[in-house]
Amino acid sequence: MSALVGSLVVFALLRLLGGDVAYILLGKEATQDQVIALRIELGLDRIWFVQYFDWIGGFFSANLGTSFSGSYEIFDQIGQRLVPTLLLAFGSLFVSMVLALFLGTYAALNADNTKGIATDIVSQIGTAIPAFWAGLILVVVFSVSLGWFPAGGYVPIQENFLGSLRSIFLPIVALSLGITSVTTRFVRSAMLDVLNEDYIRTAMARGQTRNRAVFVHGLRNAAIPVVTVGALQLGNLLAGTIVIESVFVIPGLGQLLLSAVNGREVIVVQSVVLVILLIILVMNFLLDIAYGLLDPRILDKRNGA
Amino acid sequence: MVTRLKKSWSKPTRARLSNLPASLLIGGGLVGFLVCVALLSFVWTPYDPITIDVRNRYLPIWSDGHILGTDKFGRDVLTQLIMGARNSLFVSVVSTLVSLVIGTLLGLYVAAAGARLQNIISRGVDVGVAIPGILVAMVLATAIGPGNAAAITAIIIWFIPVSARVVIGPTMQVLSQDYIEAAFGYGRTKWFVLFNHVLPNISSIIIVQASVMFAAAILIEASLSFLGVGAQPPTASWGRTLKEAQPLMEIAPSLMVVPGLAIVIAVLGFNLLGDGLRTYYDPQQARKR
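Same order as they appear, the protein sequences are chains A and B. Following my numbering, the residues of the first sequence are numbered contiguously, the last one being 466. Following my numbering, the residues of the second sequence are numbered contiguously, the last one being 297.
Bound-form chain A, shown alone (with noise of 0.2 Å):
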């Protein structure tokens, strides 16, 4: 539903502002008769809601034709791209949130010392380095200086697993700097107050050491947190796929999608930005699972029990 309001928006803003695309494409030395002959052609001059349903009825059929520059078929093209991107998202995701739960509980178990306090420093400052700039360093000292990784490209997973694994190595490691500091911050806070909950205690006086209480009782109510900022930062996480795609030269829906921008490919455009809403959208879902299971409870609730 939320995806339709999307495109709904994506197709208005860009017909709205879009200025005329045939003109652009035929340069300023074109006639009026040819820009309306051409605009004819792209099926330009039709009704807006006609063109509307016509690309989101392609767009669930398979069917969104060639670009305007007539070089590629629209749908197979996403379809090529989806892959590299979505290791990309869904790898930084689950590298991030992973170590931003051991970061944040180490960081609060030693919430008074030293070791507690350079973690805060460390995560604080991970949350201001861009991500494409730690990308372009990544590149420099590993690639160019020590050369254990490649400086750019993808390698597709069927075709040489290794490689592939070290083509988005660099890449995953870039984007989920920004993301697990964020994250590790509120794991922070949340592992603080399960410190003080009861059953830590009761653990701790049936006879468990501090850390056994806090890895079996305390981690599964820490991640619930992760999963709720997980959520938050959805967006910025796939924004940072775009631009680290980018940095790295990975054939995905971030090099799509700005390359159709410059060519002002108007379908192209609002077909990537509605995939990249519904691969939100999907790990949105899959993240309110994840809730489900992590705090029964929650499940409960919504079935009324």
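For the record, the hints were derived by calculation from the structure and aren't laboratory data. Predicted model only: the values in this text are computed from it and were never measured. Beta carbons are placed, not taken as given, at the ideal position from N, Cα and C, and that holds for glycine. Some clues are possibly wrong.
Unchecked claim - Partner residues aside, some chain B positions facing chain A, computed with beta carbon under 8 Å: (1) GLY141; (2) LEU235; (3) VAL266; (4) GLY268; (5) VAL272.
Put chain B on the given structure of chain A with help from the hints.
Chain B alone, transformed into the frame defined by chain A:
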């Protein structure tokens, strides 16, 4: 009487400065420095920002006359950095202020409106928050062409639902207080109550939010100009300087390090300022964190 007693007991200003949260002082210092540099660029820069000097290309850091070296056109890096600070602050100040004003008004209105409108608008706000600002910027850049205008408009569109969402909850909380009912009973209009009784009570939340949004806006501006969707040449921008430095990373790595550090310092400054302000306004809540 009590307040007067307190006043005479309070320590002089210098002692109180040290009572302020450290993050507020550091953040405020960084932000203040940044603002000063940006303002300075209007009256003085070390070199002319757009003059090309082919003889002095790729000078390293600490060169004579060019403390941070020069880029591939022989332009002074420090000058580019200062002009970039101006562009960065310009974009973030304009977009944050406009979206804060619109978002706050929207939030106040929604919080005071009936339940049905609240449901519709907050659903819309939720959708709006989920859409990444960079996507909005890309769509706008397709429509009106890349540049600062596209970047600023995109950030505004992205921030309005964010700031509205921050305002709605606290406003509803204040509206449920007895003195609000008293004010309505006194015959005050809705907007009079919202501006004179609600707004002062939620102003600290808005100020903290503003600081966080400044930081986010600086990050987005840098990302957009890195992608080539933001500020266009010859306007200096940190993100674009980084983009230009990317193919040169083997010849002149310092070109890539310096603008990135500037972004980190700016974002860190505003983030710390926001944290510090939050602690300052609500020390008890902050101590729990």
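request  = Grab the minimum C-beta distance from VAL266 (chain B) to chain A and call the hint holds if it beats 8 Å, violated otherwise.
outcome  = 11 Å, violated
ask   = How about GLY141 (chain B): closest beta carbon in chain A under 8 Å, or not?
value = 7 Å, holds
request  = Closer than 8 Å between Cβ atoms is the bar; does LEU235 (chain B) clear it against chain A? Give me holds or violated.
outcome  = Since the shortest Cβ distance to chain A is 6 Å, the answer is holds.
task = Using 8 Å as the Cβ threshold, decide whether VAL272 (chain B) counts as touching chain A.
result = 5 Å, holds
message = Given GLY268 (chain B) as an interface hint, is its Cβ closer than 8 Å to any Cβ of chain A?
response = 4 Å, holds
When held up to the earlier numbered hints, the structure conflicts with hint 3 and nothing else.
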